[in-house]
Amino acid sequence: MAVIEAIATQYLEADAATVTFGSIPASYEHLQLRASLRSTSGVYAMRLKINLNGDTGTNYSNHNVRGSTSSPTAYAQTGAAYIQTSDGMHGSSLPPGEYASFIMDILDYANTNKNTTCSLMAGSALTHTDNRVQFGSGLWDNTAAITTILFTPNAGSFSRGCEFTLYGLNSA
Amino acid sequence: MADPSYIVDGVLEDGEAWVGISTATPSSADVSFVSTDDGQVGDFSQYMDLVIISYCRSAAAGSWKDITLQFNNDTGSNYSAQDLYGNGTSVGAQRTNPTSTGLAYISGSDSTANVFSAVIHNIFDINSGKWKSLTVQSAGESSNPDTAWMEAGIWKSQAAITEIDVKAGGTFAAGSMISLFGILPRMVA
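Chains as they are written, first to last, in my numbering: chain A, 1 to 172; chain B, 1001 to 1189.
Hints are all accurate, no fakes.
Derived CB-CB ranges, DEER-like:
hint	chain 1	residue 1	chain 2	residue 2	range
1	B	Asn1097	A	Lys114	40 to 46 Å
2	B	Thr1096	A	Ser23	38 to 44 Å
3	A	Lys114	B	Asn1073	46 to 52 Å
4	A	Glu13	B	Gly1175	42 to 48 Å
Some chain A residues close to chain B (C-beta under 10 Å, calculated; not the full set):
hint	residue
5	Gln10
6	Thr73
7	Pro96
8	Gly97
9	Tyr99
10	Ala100
11	Ala122
12	Leu126
Since the hints were made in silico from the structure, they are not lab data. Glycine included, each C-beta is placed from N, C-alpha and C at the ideal position.
Bound conformation, chain A alone (with noise of 0.2 Å):
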C-alpha cells in the first residue's frame, strides 16, 4: 500500500448545498482533507462547517487564532453541533477567480479508543479587507471510527469549480 493515496476527489461541476465523504476505509492511520473553497452567497467571509458521522449533536468543540490585516485574534466554541472555521472561506462578493485554501488533518481517526481531534488551516478573501489566515483545532467528542465527513457553508452553496480531495496516510 501507498504510504499516502488519494482516496476520493470531488471536484464540483455544479453549486452544490454540501459535500459529503462516505464509507471512508479504516485501513489507513490518519486522513488528511485538501480544499479550494467558495461559496455561492454574497458575502465576503464565512465559516465552514464539519459534521463527522452525520452526527448533529452538540458535541464538538473548536479553537482558532487567525490574523486579518493588522489583527491577531482568538475565538472559541464549546458544546457546538459541529466543527468550524472561524471565516475561512469566502463567498461570491470576491473576484470570480479567487477560492480559500483549506487543509484538515485528522490523525489516528480509526481508533475506537480516542475522541477525534483535527488541525485546520485556512485562507481566504485575501483581496478585501476581510482577509483572512488562520490555524484551528477541532473536537468531536465521540470514540466511534470516523466512516463520513459532511462539509457544509455556512451560507449559500460551495460553487461549481471547489475541489475537495481526501487522502489517507500510511507509515509503511
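Dock chain B against chain A, hints included.
Same frame as chain A, but now just chain B:
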C-alpha cells in the same frame, strides 16, 4: 517515452498520491522549479496541488531574511497575502500586496551558526482557471526574531503554474534543502 509510475501496462493504477519531483540544495542562487511538460514526474500539469518543503538559511547579512515565491516569472504586483505570527510573547498580523507571495522568514548569516528554518508551502489547484492560492507555515529560531509564522496568499492569475521561483531575500546558505512534491487527485474510480 516511458509512462509515469502510476500507469502500468497502459492501465491507470492506484499509487502514491504524493510524488517527489525534485530537491534542490542551493548554495547561492535562488531556486527555480520548472515544469518539464513531458508527461513524467516533473510535469506539473498532472498534479492537483504542489507542496514545497524547505529547510534553509540565507547567506545574506542580517539575523533573518525573507523567503518568497513567484509564479511563471510574474514580477508584477499581482499577489496578495495575510500573515499571522508569534515572536517571543508578541503576536501580530499584517496584510500585504507585494510582488511575490508565500512570505516567511528564515535565518540570516548573522543568526546562530547552523540554525536553519523550516518552511512548508501548500499551493492549491495549480492547473485550474482559478487564481492560485497557497498557505505557508514556517518556524525559525534565528535569535531575532524567533518566529512562528503562517500566511495565506494568492496569485491573481488564472494561468496554470509552470514555474515556481523560490527566492531567499539574498542567497541561500550552503546546506539549504528545498524539495518540491506533486499531489495527485484520486484518478481511479
